[in-house]
Each structure stands twice: as C-alpha cells, then as structure tokens.
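Peer 1: Under the numbering used here, the first residue of the sequence shown carries the number -7, and numbering increases by one thereafter.
Everything labelled a hint here was simulated from the structure, so no lab data went into it.
Where a beta carbon is used, it is the ideal one built from N, C-alpha and C, also for glycine.
There may be inaccurate statements among the hints.
[Unchecked claim] Derived Cβ-Cβ restraints for the label pairs, each shown as a range:
no.: 1; residue 1: Met114; residue 2: Ser67; range: 23 to 31 Å
no.: 2; residue 1: Glu183; residue 2: Asp115; range: 38 to 46 Å
no.: 3; residue 1: Lys90; residue 2: Asp190; range: 26 to 34 Å
no.: 4; residue 1: Val199; residue 2: Glu124; range: 19 to 27 Å
no.: 5; residue 1: Ser93; residue 2: Met114; range: 26 to 34 Å
no.: 6; residue 1: Glu183; residue 2: Gly119; range: 41 to 49 Å
no.: 7; residue 1: Thr121; residue 2: Glu187; range: 33 to 41 Å
[Stated by the list, open to error] Below, in silico cross-link-like pairs of lysine-lysine (DSSO-like), each with a Cα-Cα straight-line distance of 30 Å or less:
no.: 8; residue 1: Lys112; residue 2: Lys142
no.: 9; residue 1: Lys97; residue 2: Lys120
no.: 10; residue 1: Lys154; residue 2: Lys142
no.: 11; residue 1: Lys162; residue 2: Lys69
no.: 12; residue 1: Lys97; residue 2: Lys154
no.: 13; residue 1: Lys97; residue 2: Lys69
no.: 14; residue 1: Lys141; residue 2: Lys78
no.: 15; residue 1: Lys102; residue 2: Lys78
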Amino acid sequence: MKAFKKYVIMTTLIAFSAMALYGCGKNQVKLPEPTTTIAPTDPSSNTVEQTKDSTVDHTENVTKEGSADNEGNDSLKQLAFLNQEKTITLSDVVDDEKMESLLGKADEIKSHTYSPDDGKNMDQLNGKTEKEYHYQGLVIKTMDGAENKKSYIFNIEIIDPKYPTVRNIKVGDSYELLKDTYPEGNLLGGEISNEEDDYRYEPANYVDVMNFHIKDKKVESIQIYSLID
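The whole structure should be built from the sequences, with the hints applied where relevant.
Peer 2: And the structure:
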C-alpha cells in the first residue's frame, strides 16, 4: 500500500513537471530571423537610365544653320570663281571697299537706281540701286536688298582665263574638259558641234545658274547669275 501511494505521488509530480515545461515552451518568445535589408531603388534613376538607353542621337542628321552641310549654301559655294587665293561667290554681300579688297581697284564703276520713269520698265526694282564693277575680262553686278540695303552680287561675267571657277574651269578650256568637270550640267543644244551653244549648270534650282558659252567646242565666256523677280 505504501508502495502504491509512493507510485501515485511520483506520477503526479512527473505530470506537473511536464505541464510546467510545456507551458514555458509555449510562452517562449521567438526571436525574428535575421533578414537582409535591400535599399529602395530610386525610380528617377531608372527613368534617367532608360531615357539614356532609349534616346537616339539625331544630331548627325541635323543641318546647322550656316554650315557647309546646308544644301543651299553648298550649292552657292559652287557658283563662284577665284582671283588668286580669294573666292568670289554669287550672293556675296559686298560694297566698294570689299570689292577692292577682293579684286583691286575697278577700272570703272557704274550705278543706277531704278525708278518708274527711267524707261527700263523694271517696276519690281523701283528704289533699288544696281552697280557694275568693270575689270579687265570681268564684270560684276550688285543689287541692294529691299530691307537692309546691303548690296549682294547677282551677276558675274567672265571672259578672261585668269578667273577660273572653283572647279578650275576657265575661258579657253575644251568642251570635253568642261563636261567631265561639271557632269551635272546640260548642253542646251543637245549635241556638241562647231556652232555656238550653252552648257548650263544649275546645282540647286532654276534661279541660280552658271552658264558656259561654247564656241568652236571651247569655253568662250562664263556667266554666273541669279534671276531677279
């Protein structure tokens, strides 16, 4: 009997101990597992990077104003002639002083201001002043602009071989050399002969022209001009 009581007491103690241990384990606070902190990504930086990647550089296709890549300016540069190392181009802005610096003192300078009663029937030019600068084998005509009154070259006539074009064609050169040098041009007569003809070079439009007058299959004269409305 004593042994049975002892057994019951021991069993009860073991049961209480087990319950106590279970309660402690249940109430134990679990520590959070260590985590890796990731810094937030700045959305603006992604936008910048995407913009950099997606932007196409078009600057190579942009024609800058006044550059040599401009088609119109390039064409005008072809409508020019040389005096030693100086280039005189159609539409250059000039005055008496500038002309003297380019070609020396003119043999003669003529001037005319258009008016309704001048008998020339050029009403569209009324109020404008045309000048002619005469040199040996060369005549250059200028006209003042309607707005700024600055004069520009609108007509060049060459009959002296000392004034070659920028492609080095001069009075006296053969038609064959001219055609090879200006393949873009057209012979107005269609076929070369011993008759007089004109070989016309129009690089940009039908307003600015370089015309080579041909005689005996040679360049007799060169005229570079702009049509004036």
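Peer 1: Now tell me, hint by hint, if it's right for this structure.
Peer 2: Here is how each hint holds up against the structure:
Between Met114 and Ser67 the Cβ separation comes to about 26 Å, which falls inside the hinted range of 23 to 31 Å. The hinted window of 38 to 46 Å between Glu183 and Asp115 holds, with their beta carbons roughly 40 Å apart. A C-beta distance of roughly 30 Å is found between Lys90 and Asp190, which places it inside the suggested range of 26 to 34 Å. Under the hint 19 to 27 Å, the C-beta atoms of Val199 and Glu124, about 21 Å apart, fit the expected range.
Range check, Ser93 to Met114: about 30 Å between beta-carbon atoms, so the 26 to 34 Å window is met. A hinted range of 41 to 49 Å for the beta carbons of Glu183 and Gly119 is consistent with their spacing of about 45 Å. A beta carbon spacing of about 39 Å between Thr121 and Glu187 agrees with the range 33 to 41 Å that was offered as a hint. The suggested pairing of Lys112 with Lys142 holds, with an alpha-carbon distance near 23 Å, which does not exceed 30 Å.
The suggested pairing of Lys97 with Lys120 holds, with an alpha-carbon distance near 24 Å, which does not exceed 30 Å. Proximity of Lys154 to Lys142 is assessed by CA-CA distance (about 28 Å); at most 30 Å being required, the pair is judged to hold. For a cut-off of 30 Å, the pair hint linking Lys162 to Lys69 stands: about 17 Å separates their Cα positions. A hinted pair counts as satisfied when its Cα atoms are at most 30 Å apart, and Lys97 with Lys154 qualifies at roughly 16 Å.
A hinted pair counts as satisfied when its Cα atoms are at most 30 Å apart, and Lys97 with Lys69 qualifies at roughly 24 Å. A distance of roughly 25 Å separates the Cα atoms of Lys141 and Lys78; the hinted pair therefore holds under the 30 Å criterion. Proximity of Lys102 to Lys78 is assessed by CA-CA distance (about 23 Å); at most 30 Å being required, the pair is judged to hold.
Comparing the model with each earlier hint shows no violations; every hint is respected.
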